[in-house]
Amino acid sequence: MAAEMAIVKPIVGKFGCSSTTTAPTPGVVILGGRRNPRTSNAAMKIRMSSAATDTSAPPPPRPAKKAAKQGINETLLTPRFYTTDFDEMETLFNTEINKNLNQAEFEALLQEFKTDYNQTHFVRNKEFKEAADKLQGPLRQIFVEFLERSCTAEFSGFLLYKELGRRLKKTNPVVAEIFSLMSRDEARHAGFLNKGLSDFNLALDLGFLTKARKYTFFKPKFIFYATYLSEKIGYWRYITIYRHLKANPEYQCYPIFKYFENWCQDENRHGDFFSALMKAQPQFLNDWKAKLWARFFCLSVYVTMYLNDCQRTAFYEGIGLNTKEFDMHVIIETNRTTARIFPAVPDVENPEFKMRLDRMVEINQKLVAAGEGEDIALVKNLKRIPLVAALASELLATYLMKPIESGSVDIAEFEPQLVY
Amino acid sequence: MSASTALNLGYLGSKIVNVPTHNSQKPLLLHGTPNRPLKLINSNFSWRTTMAPVKTSVTAAAAVESSSDPSKKQESERKKYYFVVANAKFMLDEEEHFKEQLYERQRLYGEREKEQDFWLVIEPKFLDKFPDITKRLKRPAVALVSTNGPWITFMKLRLDRVLQESYEADSLEEALASNPVTLEFEKPDKWAAPYPKYEFGWWEPFLPPGSKTASV
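As given, the protein sequences belong to chains A and B, one line each in that order. Counting along the first sequence from 1, when you hit position 390 you're at 390 in the UniProt record's numbering, and nothing is skipped either side. Counting along the second sequence from 1, when you hit position 187 you're at 187 in the UniProt record's numbering, and nothing is skipped either side.
By construction, these hints were calculated from the structure, which means they are not laboratory data. Remember, it's a predicted structure, so these values are computed and weren't measured experimentally. Just so you know, even glycine gets a beta-carbon here, dropped at the ideal spot from N, CA and C. Please note: incorrect hints may appear among the correct ones.
30 Å max Cα-Cα, derived DSS-like pairs, lysine-lysine [claimed, not checked]: (1) B:K80 / A:K114; (2) B:K125 / B:K190; (3) A:K354 / B:K89; (4) A:K211 / A:K162; (5) B:K99 / A:K258; (6) A:K402 / B:K190; (7) A:K162 / A:K221; (8) B:K80 / B:K135; (9) B:K138 / A:K258; (10) A:K324 / B:K187; (11) B:K80 / A:K99; (12) B:K190 / A:K354; (13) B:K89 / A:K258; (14) A:K380 / A:K402; (15) A:K114 / B:K79; (16) A:K258 / B:K190; (17) A:K402 / B:K187; (18) A:K258 / B:K114; (19) A:K246 / B:K187; (20) A:K324 / B:K190; (21) B:K114 / A:K114; (22) A:K383 / A:K289; (23) B:K79 / A:K354; (24) B:K89 / B:K125.
Pair by pair, the computed Cβ-Cβ distance ranges are [claimed, not checked]: (25) B:D189 / A:D375: 46 to 52 Å; (26) B:K79 / A:M355: 54 to 60 Å; (27) B:S211 / A:V419: 25 to 31 Å; (28) A:E96 / B:D128: 57 to 63 Å; (29) A:P249 / B:K197: 14 to 20 Å; (30) B:L108 / A:E88: 35 to 41 Å; (31) A:D116 / B:K187: 33 to 39 Å; (32) B:K197 / A:E88: 42 to 48 Å; (33) A:P249 / B:L108: 51 to 57 Å; (34) A:V379 / B:K187: 55 to 61 Å; (35) A:P416 / B:K129: 19 to 25 Å.
Kindly generate the complete structure, drawing on both the sequences and the hints.
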């Protein structure tokens with residue numbers, strides 16, 4: 001899954017030092033603009049892909065439409081843009097239809113989001129540009145990719161929450177307002193990351209991204225599972241990086257990480273809101289189907305992250321982390337958190353789980369290699385078949401491992417036996 | 001909005017018969033043992049008294065009445081405290097995000113010059129009023145107490161494995177009184193995180209004024 005995609009436009013750095021002479025690192029090819037930063041005023045929208053190798057002619061002044069037609073190279077592992085059945089959402093949270101929605105919990109959340117803990121947190125300083133200039137070679141490219149992926153992920157949250165905030169206004173103003181406040185947070189995060197990209201003389205063209213990206217459709221039930229997990233795993237990734245760098249400041253090579261402690265509290269709260277949404281719809285949590293889906297979503301999110309990160313070990317090693325240890329820590333903690341709401345979770349602390357993940361990494365590496373070889377397409381596909389089958393069977397075996405029964409104490413059957 | 005709120009109150013009210021939403025009329029009696037089933041820990045809706053307009057007016061009326069009678073002067077000081085409680089190990093040692101939340105809130109209160117309205121109470125005396133809670137609680141216990149009801153509801157949502165209730169007290173001192181206890185947490189067998197654990201005693205800034213943990 002090599003190809004990463006981003007839309008970039010070259011911009012002039014604040015301190016006028018954008019005419020960096022660094023050759024683009026292997027894999028990242030920046031089309032035009034860079035050599036002549038003054039063209040930036042034309043706000044060129046340019047496609048950048050780590051898979052692209054051709055440097056075509058310098059772009060015309062307004063190639064935006066052309067770029068849109070080129071489409072975006074997405075893979076199974078790229079950050080997703082979600083969309084959902086908004087009508088069903090409206091029905092689910094219609095206070096007239098569902099008179100037993102726990103509005104107390106939603107009103108408590110609304111107060112918490114209105115508090116706006118991070119109103120003044122995302123303020124940059126000159127450290128950013130200086131640190132970016134110091135990052136050279138392969139690490140520079142990896143940082144750019146990290147910023148792009150993170151920005152895309154935050155931005156996709158912004159789009160979804162914004163729309164939900166708009167759509168639910170009439171049927172459930174409290175839930176709608178929370179969605180709007182969460183989209184405020186996501187916009188802030190995405191903007192901050194995008195400013196980070198400006199330190200590298202790049203910027204994601206979010207408007208273009210909005211139009212050109214494919215959206216993954218999920219029914220509301222699945223949106224809850226997926227977004228809950230992505231918020232909580234986001235919290236655990238950010239806090240782990242933050243605390244690791246606090247303990248090992250020699251790896252603090254870019255100041256954005258210093259913002260992670262406050263930042264990830266937003267992610268954690270967003271996750272709490274999805275928890276409340278699911279509790280308000282207990283039919284999504286309390287039957288055997290829910291248990292199967294809960295395990296499935298946990299597994300897909302954990303496996304995706306593990307495979308993704310194992311392809312980017314240079315990033316984690318660059319900030320002094322062991323990729324697999326970092327990921328396992330994040331998976332275990334996310335799973336413990338998730339067990340407070342999902343009715344069943346995979347037993348990630350069983351050594352068999354990690355063993356299977358590591359096998360999937362090996363297979364995935366072979367898959368990537370098969371795609372990169374010089375064979376013709378047909379041969380490549382033939383080579384892929386057994387690998388895909390191996391990956392699928394490994395996934396299935398992991399899925400079938402004995403799960404852990406879990407859930408919120410407000411719902412779970414084991415609650416009466418619990419000692420607090 | 002207010003219509004649906006009323007409906008919710010009605011719904012909950014029909015389920016929970018014995019919740020004292022209003023005790024201001026009997027200020028000198030702390031409401032006795034809540035003998036409602038513990039399953040209803042999540043049913044804290046009495047904080048709505050501050051939110052639903054109808055209820056607020058009742059509170060105001062009670063306050064006026066009491067202040068006119070000098071013998072009941074204390075009444076106006078009487079405040080409602082909301083809490084979540086669980087064993088100390090869970091609250092102070094295992095849930096590290098909890099520490100982050102409290103520091104975040106403390107930072108915010110500092111920035112906005114807001115008076116502190118949340119505390120951590122180790123082995124609180126008020127637990128004696130809640131036998132249904134104490135019989136399910138490992139000791140020593142730690143409670144997060146606040147006068148901000150919705151925030152405690154939020155904290156219940158976050159921590160999940162905690163019990164939630166509320167009580168009234170005449171003074172902060174009375175509300176946050178605790179029994180002395182020594183806290184000791186065993187070191188985790190395997191610490192796999194790529195960072196050190198938060199330090200023992202991180203909770204001290206949140207203890208009630210004047211109290212100190214007997215720490216080991």
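Now for the hints, and whether the structure bears them out:
In summary, the hint linking K80 (chain B) to K114 (chain A) is supported, as the alpha carbons are separated by about 23 Å, within the 30 Å threshold. Between K125 (chain B) and K190 (chain B), the direct Cα distance comes to roughly 35 Å. Violation of the 30 Å bound is thereby established for this hinted pair. Taking the CA atoms of K354 (chain A) and K89 (chain B), the gap is about 28 Å. The hint holds against a cut of 30 Å. The straight-line distance between the Cα atoms of K211 (chain A) and K162 (chain A) is roughly 15 Å, inside the 30 Å bound, and the hint therefore holds.
Restraint check: the Cα-Cα separation between K99 (chain B) and K258 (chain A) comes to about 18 Å, which is no more than 30 Å; the hinted pair holds. Only pairs whose Cα atoms come within 30 Å are accepted, and K402 (chain A) paired with K190 (chain B) is accepted, the gap being roughly 23 Å. The suggested pairing of K162 (chain A) with K221 (chain A) holds, with an alpha-carbon distance near 18 Å, which does not exceed 30 Å. Taking the CA atoms of K80 (chain B) and K135 (chain B), the gap is near 23 Å; set against the 30 Å cutoff, the hint holds.
Our distance criterion of 30 Å between C-alpha atoms is broken by K138 (chain B) and K258 (chain A), whose separation comes to about 37 Å. At most 30 Å may separate the alpha-carbon atoms for a hinted pair to count; K324 (chain A) and K187 (chain B) meet this at roughly 24 Å. Between K80 (chain B) and K99 (chain A), the direct Cα distance comes to roughly 28 Å. Compliance with the 30 Å bound is thereby established for this hinted pair. A distance of roughly 16 Å separates the Cα atoms of K190 (chain B) and K354 (chain A); the hinted pair therefore holds under the 30 Å criterion.
Between K89 (chain B) and K258 (chain A) the alpha-carbon distance is near 29 Å, which keeps this suggested pair within the 30 Å criterion. Of the pairs offered as hints, the one joining K380 (chain A) and K402 (chain A) is violated, with about 36 Å between alpha carbons and a cut-off of 30 Å exceeded. Distance restraint check for K114 (chain A) and K79 (chain B): the Cα-Cα separation of roughly 24 Å lies within the 30 Å cut-off, and the hinted pair is therefore satisfied. Of the pairs offered as hints, the one joining K258 (chain A) and K190 (chain B) holds, with about 27 Å between alpha carbons and a cut-off of 30 Å not exceeded.
About 29 Å separates the Cα atoms of K402 (chain A) and K187 (chain B), which keeps this hinted pair within 30 Å; it holds. With a CA separation close to 26 Å, the supplied pair K258 (chain A) and K114 (chain B) stays within the 30 Å bound. Taking the CA atoms of K246 (chain A) and K187 (chain B), the gap is near 21 Å; set against the 30 Å cutoff, the hint holds. Distance hint between K324 (chain A) and K190 (chain B) is fulfilled; the C-alpha atoms sit about 17 Å from each other, no more than 30 Å.
Using a Cα cut-off of 30 Å, the hinted pair K114 (chain B) and K114 (chain A) holds, with the two alpha carbons roughly 15 Å apart. A distance of roughly 35 Å separates the Cα atoms of K383 (chain A) and K289 (chain A); the hinted pair therefore is violated under the 30 Å criterion. Under the criterion of a C-alpha separation no larger than 30 Å, the hint pairing K79 (chain B) with K354 (chain A) is inconsistent with the structure, at around 52 Å. Of the supplied pair hints, the one linking K89 (chain B) and K125 (chain B) holds, its CA atoms being roughly 19 Å apart against a limit of 30 Å.
Checked against the given bound of 46 to 52 Å, the beta carbons of D189 (chain B) and D375 (chain A), roughly 50 Å apart, stay inside it. Roughly 56 Å separates the CB atoms of K79 (chain B) and M355 (chain A), a value that falls within the hinted 54 to 60 Å. Between S211 (chain B) and V419 (chain A) the Cβ separation comes to about 26 Å, which falls inside the hinted range of 25 to 31 Å. At roughly 43 Å, the beta-carbon separation of E96 (chain A) and D128 (chain B) lies outside the given 57 to 63 Å, and the hint is violated.
A C-beta distance of roughly 18 Å is found between P249 (chain A) and K197 (chain B), which places it inside the suggested range of 14 to 20 Å. The beta-carbon spacing between L108 (chain B) and E88 (chain A), approximately 36 Å, falls within the hinted interval of 35 to 41 Å. Range check, D116 (chain A) to K187 (chain B): Cβ separation about 38 Å, and the 33 to 39 Å hint holds. Between K197 (chain B) and E88 (chain A) the CB atoms are about 44 Å apart, so this pair conforms to the stated range of 42 to 48 Å.
Against the hinted window of 51 to 57 Å, the Cβ-Cβ separation of P249 (chain A) and L108 (chain B) comes to about 26 Å, which falls outside the hint. In this structure the supplied range 55 to 61 Å holds for V379 (chain A) paired with K187 (chain B), their Cβ-Cβ distance being about 56 Å. At roughly 22 Å, the beta-carbon separation of P416 (chain A) and K129 (chain B) lies within the given 19 to 25 Å, and the hint holds.
Checked against the numbered hints given earlier, the structure breaks hints 2, 9, 14, 22, 23, 28 and 33 and satisfies all the rest.
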